[in-house]
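Peer 1: Each chain, letter by letter, is given below.
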Amino acid sequence: MAVAQRTPRGARWGPAVRRNLTAYGFLSGALLCFAFFSWYPMIRGFILSLQSNNFVDPPTWVGLDNYRTIFADPVFQTAWVNTVVFTVLALLCGYVVPFCTALVLNELRHARGYLRFVVYLPVMLPPAVAVLLFKWFYDPGPGLFNQVLGLVGLPGLSWLDASSTALISLVLVSTWMNLGTGTLIYLAALQSVPGELYEAAELDGAGFFRRVWHVTIPQTRLILLVMLLLQIIATMQVFIEPYLLTGGGPEDSTMTVVYLMYQYAFTYKDFGAGSALGVMLMLVLMVFSAAYLRFSRDDTQERS
Amino acid sequence: MRPRQVAALLTVAALALSGTACGAKSSKDDKPSANGTAGAAAEPLDPNTKVTISVGCQPPKTAKEFRADWDADVAAFQAKYPNITIESKDAFPCIVPETFQAKLASGEMENVYYVYYTDAQGIIRNKQAADITDYVSGVKNVADVNPLFLQTLKDEGGRLYGLPRKAYTMGLVYNRKLFARAGLDPDKPPTTWAEVRDHAKKISALGDGTVGYGEYSAGNTGGWHFTSLLYGAGGSVVGPDGKTAAFNTPEARNFLQLLKDMRWTDNSMGTKQGHRWEDLMRLLGSGKLGMMIGAPDVVTEAFNNFGAKAEDLGTAALPEAKSSLLGGDGYMINPRSTPDQIKAAILWLSFHELTIGEGQFNYARNKESGRPVGIPENILWGDNDSGKREKELRARYSTVPTGNFAHYDQGSASIPPKVEPPNAQAVYALLDTVMSAILTRKDANIDDLLAEAEKKVNAVLSRTK
Numbered sequence: 001m002a003v004a005q006r007t008p009r010g011a012r013w014g015p016a017v018r019r020n021l022t023a024y025g026f027l028s029g030a031l032l033c034f035a036f037f038s039w040y041p042m043i044r045g046f047i048l049s050l051q052s053n054n055f056v057d058p059p060t061w062v063g064l065d066n067y068r069t070i071f072a073d074p075v076f077q078t079a080w081v082n083t084v085v086f087t088v089l090a091l092l093c094g095y096v097v098p099f100c101t102a103l104v105l106n107e108l109r110h111a112r113g114y115l116r117f118v119v120y121l122p123v124m125l126p127p128a129v130a131v132l133l134f135k136w137f138y139d140p141g142p143g144l145f146n147q148v149l150g151l152v153g154l155p156g157l158s159w160l161d162a163s164s165t166a167l168i169s170l171v172l173v174s175t176w177m178n179l180g181t182g183t184l185i186y187l188a189a190l191q192s193v194p195g196e197l198y199e200a201a202e203l204d205g206a207g208f209f210r211r212v213w214h215v216t217i218p219q220t221r222l223i224l225l226v227m228l229l230l231q232i233i234a235t236m237q238v239f240i241e242p243y244l245l246t247g248g249g250p251e252d253s254t255m256t257v258v259y260l261m262y263q264y265a266f267t268y269k270d271f272g273a274g275s276a277l278g279v280m281l282m283l284v285l286m287v288f289s290a291a292y293l294r295f296s297r298d299d300t301q302e303r304s
Numbered sequence: 001m002r003p004r005q006v007a008a009l010l011t012v013a014a015l016a017l018s019g020t021a022c023g024a025k026s027s028k029d030d031k032p033s034a035n036g037t038a039g040a041a042a043e044p045l046d047p048n049t050k051v052t053i054s055v056g057c058q059p060p061k062t063a064k065e066f067r068a069d070w071d072a073d074v075a076a077f078q079a080k081y082p083n084i085t086i087e088s089k090d091a092f093p094c095i096v097p098e099t100f101q102a103k104l105a106s107g108e109m110e111n112v113y114y115v116y117y118t119d120a121q122g123i124i125r126n127k128q129a130a131d132i133t134d135y136v137s138g139v140k141n142v143a144d145v146n147p148l149f150l151q152t153l154k155d156e157g158g159r160l161y162g163l164p165r166k167a168y169t170m171g172l173v174y175n176r177k178l179f180a181r182a183g184l185d186p187d188k189p190p191t192t193w194a195e196v197r198d199h200a201k202k203i204s205a206l207g208d209g210t211v212g213y214g215e216y217s218a219g220n221t222g223g224w225h226f227t228s229l230l231y232g233a234g235g236s237v238v239g240p241d242g243k244t245a246a247f248n249t250p251e252a253r254n255f256l257q258l259l260k261d262m263r264w265t266d267n268s269m270g271t272k273q274g275h276r277w278e279d280l281m282r283l284l285g286s287g288k289l290g291m292m293i294g295a296p297d298v299v300t301e302a303f304n305n306f307g308a309k310a311e312d313l314g315t316a317a318l319p320e321a322k323s324s325l326l327g328g329d330g331y332m333i334n335p336r337s338t339p340d341q342i343k344a345a346i347l348w349l350s351f352h353e354l355t356i357g358e359g360q361f362n363y364a365r366n367k368e369s370g371r372p373v374g375i376p377e378n379i380l381w382g383d384n385d386s387g388k389r390e391k392e393l394r395a396r397y398s399t400v401p402t403g404n405f406a407h408y409d410q411g412s413a414s415i416p417p418k419v420e421p422p423n424a425q426a427v428y429a430l431l432d433t434v435m436s437a438i439l440t441r442k443d444a445n446i447d448d449l450l451a452e453a454e455k456k457v458n459a460v461l462s463r464t465k
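These protein sequence lines map, in sequence, to chains F and V.
Using this note's numbering, you'd call the opening residue of the first sequence number 1 and step up by one each time.
Using this note's numbering, you'd call the opening residue of the second sequence number 1 and step up by one each time.
Some hints could be false.
[Unchecked claim] Here are the simulated lysine-lysine pairs, DSBU-like style, with alpha carbons at most 30 Å apart: (1) F/LYS135 - V/LYS367; (2) V/LYS367 - V/LYS309; (3) V/LYS442 - F/LYS135; (4) V/LYS89 - F/LYS135; (5) V/LYS177 - F/LYS135; (6) F/LYS135 - V/LYS260.
[As the list claims (entries may be wrong)] One side only, chain V facing chain F, incomplete, derived with CB under 7 Å: (7) PRO335; (8) ALA426; (9) THR440.
These are computed hints drawn from the structure, not numbers from a lab.
C-beta: ideal position from N, C-alpha, C; glycine also.
All chains, please: the whole structure from these sequences, using the hints.
Peer 2: Next up, the structure:
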């Protein structure tokens, strides 16, 4: 401070620079973290995907060999199809359900805080615990779900034990675990919608559904879009559910791209091929990320 | 984006990060000895050379007796070789696949590290273990080991990359208590698959979630047991050249049909499927599993970690077996070790894993510390003099009713052991599909499944480097 007052340089640049310097100082921590734990690993993953590396001898460049290995894998296609199907189903459930929950919570006049807490509760469970909990629920014998189905006189399902139902069972787990976060975000968006619009709509004789269609959805359009993209990016990386519940089975019906990546890197001990698959997934996700950045920028511009 | 998923995506890359960060260290290390000269390797370790080696798989602090025994062994060894210092690294489980590469890359890998047989060939192919052929040429304890059990630790040229700790072949593990409850004679375990089917039916009829016969179908363990059943039936997973699948045969169709019948016609395999390794161990520990195929080490495992009573369990030879899948574990040596470290490592392994009456074979001490002795879980020596001495010692200090396991001991002696297929993990992953289909889909078509798996395994084998 004292120095700045004495020197002409300080006088010329003024306190703005100093203020910005502090800001850069704060920023550098985050930048370093991103650099070390996100950007560098990405670049490293790309390099690894072009190498044969046993982590003992110096790595050798193998061109696109690792990519060829991945493409030739008989499960490669299955993994992508499963991942896309999972993503679509997870969006259908994981996108619509939290939005509807938020709509209902927003309409409620009583016990709102309590219900919000209840909805958010599953998020507080460690994901591994939540997933393993469902392993018990899904047990075709004494499992909770089949017991409940039995109580109401319905036949039990195979859940994780049939290739036809395993993937959708994973979607249910994922939806349940992530319901809380989505709901809270939608709820915040809903509460930012000006009340006059609803009043006007109500005066015009609009019912609940027409209000949602003509007021809520247009007003929260951008949030909805951004959340959609974020969810696509997140759900395409599905890993923990198949890893803990099914091991990719039965009959590869729950083999996902990230789980296959894991298989390559850790079971087959082939980091090159695992990284190649990682790069492929990254390229696909980058398309969605680019779209996300575009829309979220539009969002801020529109508001400012 | 949820942080855990970012983490999952970047795990591969993040581990690589630690690889580069620490990889530079290796160049400063002594010259790796993997291709060291035969002359120097054959010379014994100079008693005046001080050597320190790190050794993995020390029992964890929670396993007090095991750890105390290990530490006592280390002290005894260091007293015998004062120039060698053993740095024990504790770990449970002994190998975590997720950290294997990272430890190698960062230089954190122990000089002497633990492996399953299943992974050994992949490690050798990746050149992640030191060639110890010349170092063991004069070691009597190694020469004594049944050569079949060294085969898994050798490359195609016959060079040796590790030493075994345990070796066993597949048999049948069964619950004697459930046998008795189902009106079966526990001293007469099934010797044919028809009997297995019949017994499974009777045991599952006890109800209350009891499973007559349990089988794996996920996490590559399904493929592993597929291989075991196929070997038993006299088949092979791959042809003699190691490049083509050879399991699309009547032998495979037969046992798959049997499994299908037990699962869907008899309903004797339980409704819950998709079992991975620990699932059947848990079921065995809870006393709800009648039979499974497995080596006698399953009994030790179920006793040590899953609450089973060793006296309730019995083992028998694999029914109608023409050959039996070989399993086991051992140690390999970090290729960054110096020649002196390799020499010290061989001395340690020879002492702790391959000396009758010492280390893992110190049955007198094992009995004192309350560990089960008497289960025939290690057939490293075969029928030679060491094998006979091991059997005699095991009988003398036995703590379990050895009669329960005698059927395996007697029946298995005449069944030739057979090693795992090349690229075992990748092949097992594809065979998992067949097992899970049979056990989860009533209309599964065995012929189609085998044909499909054959195509996939051929694709994997053709690109094996």
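Peer 1: For each hint, tell me whether it holds in the structure or not.
Peer 2: Hints and how they fare:
Between F/LYS135 and V/LYS367 the CA atoms are separated by roughly 39 Å; this puts the pair beyond 30 Å, and the hint is violated. Between the alpha carbons of V/LYS367 and V/LYS309 the distance comes to roughly 16 Å, so the proposed pair stays at or under 30 Å and holds. Restraint check for V/LYS442 and F/LYS135: the C-alpha separation of about 22 Å stays at or below 30 Å, so the hint holds. With a CA separation close to 34 Å, the supplied pair V/LYS89 and F/LYS135 exceeds the 30 Å bound.
Of the pairs offered as hints, the one joining V/LYS177 and F/LYS135 holds, with about 29 Å between alpha carbons and a cut-off of 30 Å not exceeded. For the given pair, F/LYS135 sits about 24 Å from V/LYS260 by alpha-carbon distance, which is consistent with the 30 Å threshold. With 7 Å as the threshold, the beta carbon of V/PRO335 comes within range of chain F, its nearest partner Cβ sitting at about 5 Å, so the hint holds. The closest approach between the C-beta of V/ALA426 and any C-beta of chain F is roughly 6 Å, which is under the 7 Å cut-off, so the hint is satisfied.
Evaluation of the V/THR440 hint against chain F yields a held restraint, the C-beta minimum of about 4 Å falling below 7 Å.
Of the numbered hints stated above, those contradicted by the structure are hints 1 and 4, listed in ascending order.
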